[in-house]
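> Residue-level listing of the chains:
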Amino acid sequence: MISMAGKSIRRWWALFALPTFAAFIIGFVVPFVMGIYLSLCKFSTVTDAKFIGFSNYSKALADPEFWHAMWYTIAFTIITTLIVNIIAFSVAYMLTKAIHGATIFRSIFFMPNLIGGIILGYVWLLLLNGVLAKWGRSITYSGTYGFWGMVMLYCWQQIGYMMIIYIAGLQALPGDVIEAAHVDGANGRQTLFDVTLPLMMPSITVCTFLTITNGFKMFDQNLALTNGAPSNKSELLALNIYRTFYGRAGFEGVGQAKAVIFFIIVAVIAVIQNRLTTSREVAA
Amino acid sequence: MSDKVKHPWIWTVFFTLVSLVWIFPIVLVLINSFKQKAYISHDTFAIPRGKMFVGLDNYRRGVEQTDLFASFGWTVVVTVGSVLLILICTSMCAWWIVRVNNWVAKALYLLFLFNMIVPFQMVMFTLSKLADMIGLNTPWGLWIVYLGFGAGLAVFIFTGTVKGIPEELEESAMIDGASVPRIFFQIVVPIMRPSIVSVAILEAMWIWNDFLLPYLTLDMRKYKTISIAIQYLKGGYGSIDMGAMMACLILAIIPIVIFYLFCQKYIIKGVLAGAVKG
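Just so you know, the protein sequences line up as chains A and R, in that order. The numbering of the first sequence is this note's numbering, which starts it at 1 and goes up by one. The numbering of the second sequence is this note's numbering, which starts it at 1 and goes up by one.
These are calculated hints, taken from the structure and not from any lab test. Careful: at least some of the hints might be erroneous.
Said to hold, decoys possible - Here are a few chain A residues that sit away from chain R, every Cβ distance over 12 Å (derived from the structure): (1) Met-34; (2) Trp-71; (3) Ile-79; (4) Gly-143; (5) Val-183; (6) Ser-231; (7) Asn-232; (8) Glu-252.
Unchecked claim - With a straight-line Cα cutoff of 27 Å, these simulated DSS-like cross-link-like pairs (lysine-lysine) come out: (9) R:Lys-51 with A:Lys-134; (10) R:Lys-234 with A:Lys-233; (11) A:Lys-217 with R:Lys-234; (12) A:Lys-59 with R:Lys-129.
As the structure is a prediction and not an experimental result, all values here were calculated from the model. Yeah, the Cβ is synthetic: ideal placement off N, Cα and C, and Gly gets one too.
For reference, chain A alone in the conformation it holds in the complex:
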């Protein structure tokens, strides 16, 4: 049933809905559909696309660099998700206690998030190369250095963001439940693990979701910090796709196929995570 307001508003679609929708077609729908189509083509520009079926996908899956980037990204995402969330939660937990200057600390930890990924990449390039120079190495010396360099950069950046979400979650906790636990004689550890953490599950799901998807999509920092060196050993998935596309002539179709696979992975993570969140909300 459409309400009275709804009926009169419907006639105004050309003013209210059309501008966004038209831009959406240009900025999303057409590129998306064309992207799927091109992943099934051999092409170097849009106009010379020739349909070749799924061979781009088999080439993409047969590319050892793609698999290297995939495992590299998965390992990176798992490690950073754990570190970021544990530290962010601990910091948030402490900062919600009465600590002098808590708001100042909060602002400082959040600050890296406002600065662009490219800039952050070069900031850490200076720092890490400065440290590694003592051993005559550099961040691009091996994929392992690049990996841990990116882990540090990403944690440094994301901890502040997740901390903000955890602080908000902690402040919204029902105080009487915590107090009841105190009265019942629970010690600090019991209150934290048996009362606070279960109540914080919604915030924890949101934060892990954000760290997982952001980790998967990380590109700018990777480009600035290691640029894939040495010999593509420090490429995350997003950079690998970009370099297949714009770095190797004749591989545009394969690059697009990799991008579709990438999209499917991110979408599956998002859907699973969404399921988890909704089921939690029902239970709570």
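Since the structure of chain A is already known, use the hints to place chain R on it.
Then chain R, alone, in the frame of chain A:
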């Protein structure tokens, strides 16, 4: 409250130390931006003194090589224009979707939701080619590109807000003879103001710092945003001029930090809105 906590001062000292470590990478860039470039990679941690110290030389060179102030201007043009367009168009669209609520509106809403889970790499080639073909490869054209690709999150947050606004308010205005646009701009927009600020912050943070979309779309000979200018400094001059690089990094960071100091409260609220709804 504070008397319940056992060791507040120890924790304050602890967090002060951690904070210092936290801002150390940026302080290190600041220190090195005054150092002669030959010393930057070998004596990264030394304080610039004597012949290491070059005053503002790096800054002069950095600004010259990258045309940093022009880039700054283009970044402002892209960000401000895109954010304004996103705010106006998506808030109108979200209101229309919620109030009309027929199958068209529902389908539209699902499409916008879908948009949120698509990573940029999926459309990077086709979107940049399309933008080229229809002439959106200018800072002004990017307004439309950003509106299109970034619509999902904004529509999602705004529909959540509109659902919380009682419809009776609009109906009574309608009975009083107000036109639909007037109802929207004079009644709905003021109620939506807090979430408009949140969305503005989220989108501004994204667009200001975005690298790949403008890099692939804009004509690099004419327009560079700040992130692109800094990336070019590395790409375009063979071995990097680390001195100029450090100076450019500092010049790029300063305005953001100043902005942050003024709008902290809103930025944090914006981040929360994005996290809770998204």
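> Please go over all the hints and tell whether each is borne out by the structure.
Structure-based check of all given hints:
1. Met-34: Violated, since 4 Å does not exceed 12 Å.
2. Trp-71: At about 18 Å from chain R, Trp-71 of chain A clears the 12 Å cut-off, so the statement holds.
3. Ile-79: The assertion about Ile-79 of chain A holds, with a minimum of 20 Å to chain R.
4. Gly-143: holds, 20 Å
5. Val-183: holds, 14 Å
6. Ser-231: holds, 19 Å
7. Asn-232: holds, 16 Å
8. Glu-252: Per Cβ check, Glu-252 of chain A is inside 12 Å of chain R; nearest 7 Å; violated.
9. R:Lys-51 with A:Lys-134: Judged against 27 Å, a Cα distance of about 22 Å means the pair holds.
10. R:Lys-234 with A:Lys-233: Roughly 20 Å between the alpha carbons, so the hint for Lys-234 of chain R and Lys-233 of chain A holds.
11. A:Lys-217 with R:Lys-234: Holds. Lys-217 of chain A to Lys-234 of chain R sits at ~23 Å (cutoff 27 Å).
12. A:Lys-59 with R:Lys-129: holds, 24 Å
The structure fails hints 1 and 8 (numbered hints given earlier, in ascending order).
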